[in-house]
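When the sequence shown is numbered by the working numbering, its final residue is 519 and no position is left out of the sequence of numbers.
By construction, these hints were calculated from the structure, which means they are not laboratory data. Since no wrong hints were added, every one of them can be taken at face value.
Think about it this way: if two alpha-carbon atoms lie no more than 25 Å apart in a straight line, the pair counts; the simulated PhoX-like pairs of lysine-lysine are:
(1) K516 <-> K47
(2) K469 <-> K57
(3) K516 <-> K469
(4) K106 <-> K49
(5) K399 <-> K377
(6) K107 <-> K469
(7) K518 <-> K469
(8) K174 <-> K115
(9) K57 <-> K106
(10) K57 <-> K518
(11) K377 <-> K435
(12) K106 <-> K469
(13) K47 <-> K57
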Amino acid sequence: MFSSNTHRLIFIFAACALAFGMMIGTVPTSVPQFILLGNWLLEGQFKTKWVKLKNNKLFWVLSTVFLIHVVGLIYTSDLNAGWDDVRTKMPLMFLPLIFFSSGPLKKNEFDLMLKLFLAGCIVNVTWCAIYSFILHRNIDLRSASRFMSHIRLGLYLVMGIATSLYFLLETNSKKEKIIYASILFYLITTIYILGLASGFFNLVLLLCIFGIYYSYKKGLKYFILASSGVIFILLFAFYYINHIYNSQFTLKETSYNSKKLTNDVGKFYYHFEGMNQIENGNVVNTNIILQDLQYAWNSVCPDDTFSLDPAHNTNRFLVLLRYMSSMEITKDSIGFSKLNTDDIKSIKLGYTHYDYKNWSYFHRRIYELVNEFQEYKTHQEINGNSLTMRLYFWGNALKVISQNPFFGVGTGDVQEAMNLAYQESKTPLKREWFKRPHNQFLTATVALGVVGLLLFLFSVFLPFFSIRKHKHSLYLPFFILSVLSFLMEDTLETQAGVTFFAFFNSLFVSYSYFLKTKN
1 MFSSNTHRLI FIFAACALAF GMMIGTVPTS VPQFILLGNW LLEGQFKTKW VKLKNNKLFW
61 VLSTVFLIHV VGLIYTSDLN AGWDDVRTKM PLMFLPLIFF SSGPLKKNEF DLMLKLFLAG
121 CIVNVTWCAI YSFILHRNID LRSASRFMSH IRLGLYLVMG IATSLYFLLE TNSKKEKIIY
181 ASILFYLITT IYILGLASGF FNLVLLLCIF GIYYSYKKGL KYFILASSGV IFILLFAFYY
241 INHIYNSQFT LKETSYNSKK LTNDVGKFYY HFEGMNQIEN GNVVNTNIIL QDLQYAWNSV
301 CPDDTFSLDP AHNTNRFLVL LRYMSSMEIT KDSIGFSKLN TDDIKSIKLG YTHYDYKNWS
361 YFHRRIYELV NEFQEYKTHQ EINGNSLTMR LYFWGNALKV ISQNPFFGVG TGDVQEAMNL
421 AYQESKTPLK REWFKRPHNQ FLTATVALGV VGLLLFLFSV FLPFFSIRKH KHSLYLPFFI
481 LSVLSFLMED TLETQAGVTF FAFFNSLFVS YSYFLKTKN
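Generate the whole structure from the sequences, applying the supplied hints.
Structure, rendered in structure tokens:
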């Protein structure tokens, strides 16, 4: 329709727009992909493109994930859900198609896409900070991310950190080094401040792997030095988490934790037998005067009342008990009178520890995770606990796989099969938490069986080994991040996740492929 140069410019423009837009929402992610596909179709020259693609093994390998899910439609019983799944995964097919048939990218074009991705990272986290912490004073860390889940944001930001480090090491300009060092610091600080535990874990693991890998290539002395650094990091992480865990759950040997019959004015205490929740080393569910607390709270906060009826705001009551236990004050009207205005505000915000407001967001997230683990360990409430619920997700996924081992349940039946497994296993999860496996390898196996899993692994891992001598410096961190993401998330079941994987996989593999064929 247009000249070859015009179509080429549109391709570069749309790819750059996608690199930037996938950080800032659904529409900025979708529109560039429509432009890319529309431009590719309008350009024509399908015979020439077919010649480029038909013998290109890497293109077909990258497209395998999409194609096996199309095959899975043949035996699915829910075609509507199956087609929705296939539509979500379309970038896994057409992005490799476009990148491999549009010819090699020049280095400046390649770098421009990466720089715009970095710009998208900066815009994303800056707007999230302004919206959540300045305009709305939001204290819920998980809702701080405005454009994607907090786990997906962590994945993107770690890739942004790797990208800024790449440019920092590549450039000789002092001005650019300062810019990329500032971006690097900004993104790392954001991960810490927002308490993106998965992102921080991925970042530390990535640094450890790279440190050992590159030091090994430089010699024994550097390898020993890097290994010592990794061991120190692991020991510090263990100490930090263990310190939080012990300070929270090691029971203090004080009179506060002994059961009492009455309080100082003769009112009888109530004890919830069989419950052993601990907050800041203090027992939560003993020495309580229910009516005292209800009356005292409702008199201070008439606009935020709670009832002891389980159907009405019992969470406020539990937060109050945990907060008072963390302060070691009696759980009656006498203890309640010791709470000041700031304490009341903290309780209304859902803080369960008196010092919670002074902690960093990262420390808060570790505190939440160790509480999740303890609640799972002591058979308490686990609904809504993102980490420990995964154990139930994975267990029920394995049950479905054992019933449909070879070819799975079909592309559209994953959720229905999981729902049935949850019901049969009498899971403690509520219906609203009947989720997919939250592990891309398990999800692929549930849908497509062991055969599908093998093809999925083939599609993910073969390009890494095929282009190992010509791979771009950023391909390795991208590959490691993707695999880590697959272990904890259904990465390819959402637009943000599938776009991340399809775009960078197509970008890096096609760039390395053309470099390999040129040489």
